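Asker: Chains as they are written, first to last, in the numbering used here: chain B, 143 to 528; chain E, 600 to 952.
Accuracy of the hints is not assured; some may be wrong.
[To be verified] If you anchor each label on the Cβ, the simulated ranges turn out as follows:
1. E:LEU940 to B:GLU180: 44 to 54 Å
2. B:ASN520 to E:ARG684: 50 to 60 Å
3. B:SER459 to E:PRO775: 21 to 31 Å
4. B:ILE298 to E:LEU701: 55 to 65 Å
5. B:ALA330 to E:LEU644: 52 to 62 Å
6. E:LEU779 to B:ALA147: 22 to 32 Å
7. B:SER459 to E:LEU626: 32 to 42 Å
8. B:ALA511 to E:LEU644: 45 to 55 Å
9. B:THR523 to E:LEU765: 32 to 42 Å
10. B:GLY438 to E:THR942: 36 to 46 Å
11. E:LEU765 to B:LEU145: 28 to 38 Å
12. B:SER459 to E:LEU779: 47 to 57 Å
13. E:PRO775 to B:GLY438: 27 to 37 Å
14. B:ALA499 to E:PRO705: 26 to 36 Å
[As the list claims (entries may be wrong)] With the Cβ distance kept under 10 Å, some of the chain B side facing chain E (calculated, not the full set):
15. VAL161
16. TYR173
17. LEU272
18. TYR386
19. MET484
20. SER486
21. LEU502
No lab work stands behind these hints, which were simulated from the structure alone. Source: prediction; values computed, not measured. No residue lacks a Cβ here, since even glycine has one placed at the ideal position from N, Cα and C.
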Amino acid sequence: MRLSALLYDKKIRDLIYQVAVLGGLVATGVYFVRNASENMVKAGIASGFDFLGRTSGIDVPFVLTNYQPSDSILALFWAGVANTLFVSLIAMVLATVLGFLIGLARLSNHWLLSTLAGGYIEFVRNIPLLFFVLFWYFGVIAALPQPRESIGFFGIAFLNNRGLTVPATESLSAFGWALIAILIATLAHWTYARVAKARKEATGQDAPVMLVGLVLLIGVPVLALVVASIATQWSIPALRGFNYRGGFVIIPEFVALLAALVTYTAGFIAEIVRGGIQAVVKGQREASYALGLTRGQTLRLIIIPQAMRVMIPPMTSQYLNVLKNSSFGAAIAYPDIVSLFMGSALNNTGQAIEIIAMTLAVYLVIGLAVSALMNVYNENTKLVTR
Amino acid sequence: MMPATPSTFRRWQARLFSTPLQGAITLVILAALTVAAVPLIRWALINATWQGTTRADCVPGGACWVFVKARFLQFMVGFYPEAERWRAGLWALLAALALIALIKAPAKHRGSVALGVVVLLPSLGIWLLAGGYGLKPVETRDWGGLMLTMFISIHAAFIAIPLGILLALGRQSKLPVIRLISILFIEFWRGVPIIAVIFLASLLLPLIMPSGVGVDRLARAIIGLGLVIAAYMAEAVRGGLQALPSGQAEAATALGLGYWRATRLIILPQALRISLPAMTNEFIALIKNTTLVLVVSILDLLGVAQASIADPNWVGMSMEAFAFSGALYWLICFAISRWSLATEASLARATER
Numbered sequence: 143m144r145l146s147a148l149l150y151d152k153k154i155r156d157l158i159y160q161v162a163v164l165g166g167l168v169a170t171g172v173y174f175v176r177n178a179s180e181n182m183v184k185a186g187i188a189s190g191f192d193f194l195g196r197t198s199g200i201d202v203p204f205v206l207t208n209y210q211p212s213d214s215i216l217a218l219f220w221a222g223v224a225n226t227l228f229v230s231l232i233a234m235v236l237a238t239v240l241g242f243l244i245g246l247a248r249l250s251n252h253w254l255l256s257t258l259a260g261g262y263i264e265f266v267r268n269i270p271l272l273f274f275v276l277f278w279y280f281g282v283i284a285a286l287p288q289p290r291e292s293i294g295f296f297g298i299a300f301l302n303n304r305g306l307t308v309p310a311t312e313s314l315s316a317f318g319w320a321l322i323a324i325l326i327a328t329l330a331h332w333t334y335a336r337v338a339k340a341r342k343e344a345t346g347q348d349a350p351v352m353l354v355g356l357v358l359l360i361g362v363p364v365l366a367l368v369v370a371s372i373a374t375q376w377s378i379p380a381l382r383g384f385n386y387r388g389g390f391v392i393i394p395e396f397v398a399l400l401a402a403l404v405t406y407t408a409g410f411i412a413e414i415v416r417g418g419i420q421a422v423v424k425g426q427r428e429a430s431y432a433l434g435l436t437r438g439q440t441l442r443l444i445i446i447p448q449a450m451r452v453m454i455p456p457m458t459s460q461y462l463n464v465l466k467n468s469s470f471g472a473a474i475a476y477p478d479i480v481s482l483f484m485g486s487a488l489n490n491t492g493q494a495i496e497i498i499a500m501t502l503a504v505y506l507v508i509g510l511a512v513s514a515l516m517n518v519y520n521e522n523t524k525l526v527t528r
Numbered sequence: 600m601m602p603a604t605p606s607t608f609r610r611w612q613a614r615l616f617s618t619p620l621q622g623a624i625t626l627v628i629l630a631a632l633t634v635a636a637v638p639l640i641r642w643a644l645i646n647a648t649w650q651g652t653t654r655a656d657c658v659p660g661g662a663c664w665v666f667v668k669a670r671f672l673q674f675m676v677g678f679y680p681e682a683e684r685w686r687a688g689l690w691a692l693l694a695a696l697a698l699i700a701l702i703k704a705p706a707k708h709r710g711s712v713a714l715g716v717v718v719l720l721p722s723l724g725i726w727l728l729a730g731g732y733g734l735k736p737v738e739t740r741d742w743g744g745l746m747l748t749m750f751i752s753i754h755a756a757f758i759a760i761p762l763g764i765l766l767a768l769g770r771q772s773k774l775p776v777i778r779l780i781s782i783l784f785i786e787f788w789r790g791v792p793i794i795a796v797i798f799l800a801s802l803l804l805p806l807i808m809p810s811g812v813g814v815d816r817l818a819r820a821i822i823g824l825g826l827v828i829a830a831y832m833a834e835a836v837r838g839g840l841q842a843l844p845s846g847q848a849e850a851a852t853a854l855g856l857g858y859w860r861a862t863r864l865i866i867l868p869q870a871l872r873i874s875l876p877a878m879t880n881e882f883i884a885l886i887k888n889t890t891l892v893l894v895v896s897i898l899d900l901l902g903v904a905q906a907s908i909a910d911p912n913w914v915g916m917s918m919e920a921f922a923f924s925g926a927l928y929w930l931i932c933f934a935i936s937r938w939s940l941a942t943e944a945s946l947a948r949a950t951e952r
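Let the sequences and hints guide you as you build the complete structure.
Answerer: Right under this line is the structure:
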């Protein structure tokens, strides 16, 4: 009698359900792990992370770190991470710019412009990203001319079917100084904007924040970069025989992957931009005009802050998508983390479990970090209600 | 006075040339369009070759659609043996009938129809395509093309949709252990690239099975895709669950329905209706991501197109192959998204009072 009463008690039942589910999962997990270890012993595959210290011997065509084939497999791992981050970051910036332009064009009053932007969005969203990657690589880049007939850009950069050759420099010290100058200017602008805002709130006096911002945030960086590039010794690529010597070769795989990521992601970002701006109700704009704010002020103070609140979460997930989608480079052998580590290193060592875990951890760690940052941001910009 | 219906000319004038600035923008765009579109049309239509059987029949400077014609069946079914291709056609018919049955079934019977489709289509379909029991066996290595794209998408969806619904319910559950497991599962699969998951499935699935039990290459890819899409489906369903007023669950409980009966009869029918557009988007994403099976050498539609470029008899046909396969992907995904919009609108009308 007591027992049946216990069985019908809600708390006890909930506990039984949870223990049963957990037990089932653990049992399945143990079963799989036992099979795996048996299979690995049979196949003679080692386990543990000792392989990371071994010499990799893998030649990487595009390296940003100091990696050499004589280095360890761990160094190969970091070279892959660097390549993944490099292409993702550039793709994020370019896709944001293109996506904003297309999103604003979609919202334009101009019928043809808006229709064209809509057509672009419908076009890229309904075609697989891998299609674009292969198309750029095998369709466009492969069709580019031989090095001898390269397409030149102002005589310093050359595009051909072996990639994009750009000027390179041995020493980056001048750019280090430029970076410091830019950081100082940014900090100065931030301080100035805060002081100006405090003064405006206290006294109502306006300060030329826009003008100062223009000088500090655009003028100073441009000047610093120009001075740095003049002060640096450049190696300009030049045609020698059948190929270019000097400069830095951006491999065709990078160009194709970047082009595909940017054109594809821009279609999604454009929709986010459109949705964000349309989410700001018309009354906000009208009320702002009624209060006597100018068009520029309305956009800057009323529309954009509210649109940003709607846009930031989906934009974050698009950025994380770009990071994950940069792995599509593995299909055309761009040396990213998946292709270098899950591909080459795994082939050499056979240690599937460790390598898969490390590769996935890269994406999960970055994803968690970005989500955490976004949560902080969301807390700060959340609509304050009663 | 404005006429009640402005003439077509006036309407276009207002659209394109209402102010000098607008007119200038129009002219710039039209000029750019002409520069881009004229060579394209000349290549694709005017200078294109439609008749013939070999590469020699094609005129240089135009598209060689003869190539697509000659390889059409390969784009559809890959390297499926010629004598058995009727089976692929029959499977396509079966799949189409199953989908129509799902869409047209009256709401009352939709659950049982769905159950029937989920049980019958895979079992009948796999028998039809793989053979055995009276049919000539065809290895999955020989499957390919559009057929394989649809096969993978449909079967991965059969894993993803039920699992996704369970995970979404688990994430909303009041039981902490169930909720935690669901969240971990969803966030893990959503956080990793699908290409890595396909590698993972093809490497790990044979490893964790007892020795002697093999897992087919194609099955590995489908399971991998199914698990990832399940996590995305779960988030789509969660949207519907969260949009449902909590009064629905409370009223069901007050009427004496237990958790599973309330979920089956009250919560899910309403939540799934709200989630349908998001779930359709995930299905479109699944069709697009199916292309990633290329990295484990399974040739779906894009894979066949890619492989056909390397054919020595048809050198230089990359643009034709890309144009044809890209147009097919676009048509399929665009049609599904339009269907989803129409369904959403009709559901909205049906629930209006």
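Asker: Please check whether ALA499 of chain B and PRO705 of chain E have a Cβ separation lying inside 26 to 36 Å.
Answerer: violated, 49 Å
Asker: Look at the Cβ atoms of ALA511 of chain B and LEU644 of chain E and judge whether their distance stays inside 45 to 55 Å.
Answerer: holds, 51 Å
Asker: Taking 28 to 38 Å as the hint, is the beta-carbon distance of LEU765 of chain E and LEU145 of chain B inside that range?
Answerer: holds, 30 Å
Asker: Return holds or violated for the Cβ distance of SER459 of chain B and LEU626 of chain E against the range 32 to 42 Å.
Answerer: Holds, at about 39 Å.
Asker: Using the beta carbons of GLY438 of chain B and THR942 of chain E, state whether their distance is inside 36 to 46 Å or not.
Answerer: holds, 43 Å
Asker: If I claimed the Cβ atoms of ILE298 of chain B and LEU701 of chain E lie 55 to 65 Å apart, would that claim hold in this structure?
Answerer: holds, 60 Å
Asker: CB of SER459 of chain B to CB of PRO775 of chain E, is that within 21 to 31 Å?
Answerer: holds, 27 Å
Asker: Is the shortest C-beta separation between LEU502 of chain B and chain E less than 10 Å?
Answerer: holds, 5 Å
Asker: Report holds or violated for the interface hint on TYR386 of chain B, using the least CB-CB distance to chain E and a cut-off of 10 Å.
Answerer: With a minimum Cβ separation of about 25 Å from chain E (threshold 10 Å), the hint on TYR386 of chain B is violated.
Asker: Next item in the hint list is SER486 of chain B. Is there a CB on chain E closer than 10 Å to its CB?
Answerer: Not OK, violated: SER486 of chain B not within 10 Å of chain E, min 12 Å.
Asker: Hint check: is the beta carbon of TYR173 of chain B less than 10 Å from a beta carbon of chain E?
Answerer: holds, 8 Å
Asker: Closer than 10 Å between Cβ atoms is the bar; does VAL161 of chain B clear it against chain E? Give me holds or violated.
Answerer: Holds. Min distance 8 Å.
Going through the hint list in order, the structure does not satisfy hints 12, 13, 14, 18, 20.
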